[in-house]
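A.B. asks: With the hints as constraints, model all of the structure from the sequences given.
Protein sequences, first through last, are from chains V and L. Residue numbering for the first sequence follows this note's numbering, beginning at 1 and increasing consecutively. Residue numbering for the second sequence follows this note's numbering, beginning at 1 and increasing consecutively.
Think of the hints as simulated: they come from the structure by calculation, not from any bench. Only a predicted model underlies this, so the values are computations on that prediction, with no experimental measurement involved. Cβ atoms here follow ideal geometry from the backbone N, Cα and C, with glycine treated the same way. Be aware that one or more of the hints could be misleading.
As the list claims (entries may be wrong) - Partial chain L-side listing against chain V, Cβ under 10 angstroms, derived:
#1 F5
#2 M9
#3 Y203
#4 M210
#5 V313
#6 G316
#7 P320
#8 I323
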Amino acid sequence: MKSKTSLPVSYRLAVTSRVLAAVVGGYLMASLASICLALWLPTSRADAVITGMMSSFVFYLLAVLWCFACRSAARAWFGVLLPSAAFATLAGVGLWMTRV
Amino acid sequence: MKEGFRQAMAWLHTWAGLIFGWLLFAIFLTGTLSYFKDEISHWMQPEVQARPLDDARSLTVAQTYLQQVAPTAARWFITLPDSRDPGLSVMWQDKVDPGKRGNFIQKTLDPVTGQAVQARESMGGEFFYRFHFQLQMPHPWGRWLSTIAAMVMFIALITGIITHKKIFKDFFTFRPRKGQRSWLDGHNAVGVLVLPFHLMITYSSLVIFMSMVMPAPILASYGNDTRAFFSEVFPNTNNAPASGQPGTLLPLVPMYEQARAQWAGGHVGRVAVNNPGDVNASVNVLRAGSDSVVHDFGSTVSFNGSTGELLRVSGGQSLPAAIGGSFYGLHMGHFAGPVLRWLYFICGLAGTAMIGTGLVIWLGKRQLKHLKSNVMPFELRLVEVLNIASMSGLMIAIAAFFWANRLLPVTFAERSDWEVQTFFIAWGLSLLHAILRRGRQGWVEQLSVGALLFIAIPLLNALTTSHHLGVSLATGDWAMAGFDLTSLASGIFLGWAAWKMQHRTVPAPKVERTRGLTLKQEAN
Numbered sequence: 001m002k003s004k005t006s007l008p009v010s011y012r013l014a015v016t017s018r019v020l021a022a023v024v025g026g027y028l029m030a031s032l033a034s035i036c037l038a039l040w041l042p043t044s045r046a047d048a049v050i051t052g053m054m055s056s057f058v059f060y061l062l063a064v065l066w067c068f069a070c071r072s073a074a075r076a077w078f079g080v081l082l083p084s085a086a087f088a089t090l091a092g093v094g095l096w097m098t099r100v
Numbered sequence: 001m002k003e004g005f006r007q008a009m010a011w012l013h014t015w016a017g018l019i020f021g022w023l024l025f026a027i028f029l030t031g032t033l034s035y036f037k038d039e040i041s042h043w044m045q046p047e048v049q050a051r052p053l054d055d056a057r058s059l060t061v062a063q064t065y066l067q068q069v070a071p072t073a074a075r076w077f078i079t080l081p082d083s084r085d086p087g088l089s090v091m092w093q094d095k096v097d098p099g100k101r102g103n104f105i106q107k108t109l110d111p112v113t114g115q116a117v118q119a120r121e122s123m124g125g126e127f128f129y130r131f132h133f134q135l136q137m138p139h140p141w142g143r144w145l146s147t148i149a150a151m152v153m154f155i156a157l158i159t160g161i162i163t164h165k166k167i168f169k170d171f172f173t174f175r176p177r178k179g180q181r182s183w184l185d186g187h188n189a190v191g192v193l194v195l196p197f198h199l200m201i202t203y204s205s206l207v208i209f210m211s212m213v214m215p216a217p218i219l220a221s222y223g224n225d226t227r228a229f230f231s232e233v234f235p236n237t238n239n240a241p242a243s244g245q246p247g248t249l250l251p252l253v254p255m256y257e258q259a260r261a262q263w264a265g266g267h268v269g270r271v272a273v274n275n276p277g278d279v280n281a282s283v284n285v286l287r288a289g290s291d292s293v294v295h296d297f298g299s300t301v302s303f304n305g306s307t308g309e310l311l312r313v314s315g316g317q318s319l320p321a322a323i324g325g326s327f328y329g330l331h332m333g334h335f336a337g338p339v340l341r342w343l344y345f346i347c348g349l350a351g352t353a354m355i356g357t358g359l360v361i362w363l364g365k366r367q368l369k370h371l372k373s374n375v376m377p378f379e380l381r382l383v384e385v386l387n388i389a390s391m392s393g394l395m396i397a398i399a400a401f402f403w404a405n406r407l408l409p410v411t412f413a414e415r416s417d418w419e420v421q422t423f424f425i426a427w428g429l430s431l432l433h434a435i436l437r438r439g440r441q442g443w444v445e446q447l448s449v450g451a452l453l454f455i456a457i458p459l460l461n462a463l464t465t466s467h468h469l470g471v472s473l474a475t476g477d478w479a480m481a482g483f484d485l486t487s488l489a490s491g492i493f494l495g496w497a498a499w500k501m502q503h504r505t506v507p508a509p510k511v512e513r514t515r516g517l518t519l520k521q522e523a524n
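C.D. replies: Written out as structure tokens, the structure is:
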């Protein structure tokens, strides 16, 4: 790793962006994934919720790993928000079905 | 960060580990001490005497006491003594505010005489247990921060495993007296040796507070009625509300016996009575956590308090609830006997050591560059100060807490609070000391002070109480003796560390030469 002083501002901004994608985007994705599990798992309502909450941290972990493994900050956001959108759609359908 | 996957993961491991390392060190060390919470409390309140266990007598004594002292309370809790915790604890709450954390009054009774024990006021091991997840912060911020730290720990563990490609080969390589390289070998060894423990303890800590930190699925499935979720998961918390008509509570012992029969002789941990002075009184008999690995919050037999009628026996757990309960049970280790409890303690120490060595390595690597100039940049100095204060400073603070317990007069007002104050004052002073002293001297002096404080604890105990090692070993009071001996061993370890730090000779050119090789390997 290079000494910190020699790093350009753009690099630092990119790192900040990745950190935000990992922390905020990752939490969003993990929440949406756990909502999907809670709504779609074919067990009792309470069990589905417990399973969703318990596994959410694995989704969070994967999101964080992705945000720092991918090639650019833009990809980090893209890689977190795309599955989030998919989970949100699934969750929306699930919610709509329970309401109807 | 433009390098390969492994480098990226190493980067994440390094920085996540650094930023949360100090906090995680304190969380791990206090959590490790919490495995001996009851034993520490026993040492800190030697007035609470161990009596032969007799649940029926304890329960009768507690009921008589509560009926005299708190007949109109909203709730009673009676925690029976066990082999680790000799005190009979009664708690009551005058009013229950849903959604609010109530004000409990707690007393420890002598299970034979039924009198409140006149023990010195002290939080005992409860302090470390509470600090471990509440961090002495107002509710719920400490719980949030410690759970966030747990998530960072989880990330650091997984990225550490990814970084560490030759996980088994490296495990068998330990190169002592090689400076930086030895620290790294040690970091890897304690990391890999108890890796299952690290993964279990970290993931379970997330599971324990999951409904707080990940409420989204509850909100999605139950809308605003989150209480419905909890009463579905823990059906036995649905007790009849008070009717307003006075009633008489039946003796609790027959209910206790009926509950044990339901569990095929399983043990009772706690008895909760709702509205004890009301016709609608209800009694929940809760199973002891030490009965099984899988913790079951709902393992309860409920009775009507004024008719004695058995209302409900909780059924088995569903698979997800059992998995959650296993995480909880494994984290707490209530089920562990003496051998397993020591194993927990050692694993916890290994985790603490892993975090500590990681922090030392971070600084060591970067310090090497500045060896010649003899001037350290501000950020490295900051890390050094925090390393010293968070590690050796915490040891001093813990020792000071024990010293305060023996030295503050028993009649001192708010002495329990002052014990805690002493802990934080000592920690603050060690931070100040670390700022004022240069790195190595800072370490040596603080480790030496810590060593002296810990080594002297058995002596202090002998001078201030009648429970010194000669007595405790002779009477078989293993908790008391174990505490003194563990303090002594900790003191000797700290002394050894101080001595090593003092006599460390840094073969600068040699380190410089190997550094190029090892760092390159390690970056992978």
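A.B. asks: Checked against the structure, which of the hints given earlier come out wrong?
C.D. replies: When the structure is compared with the hints, numbers 5 and 6 turn out to be violated.
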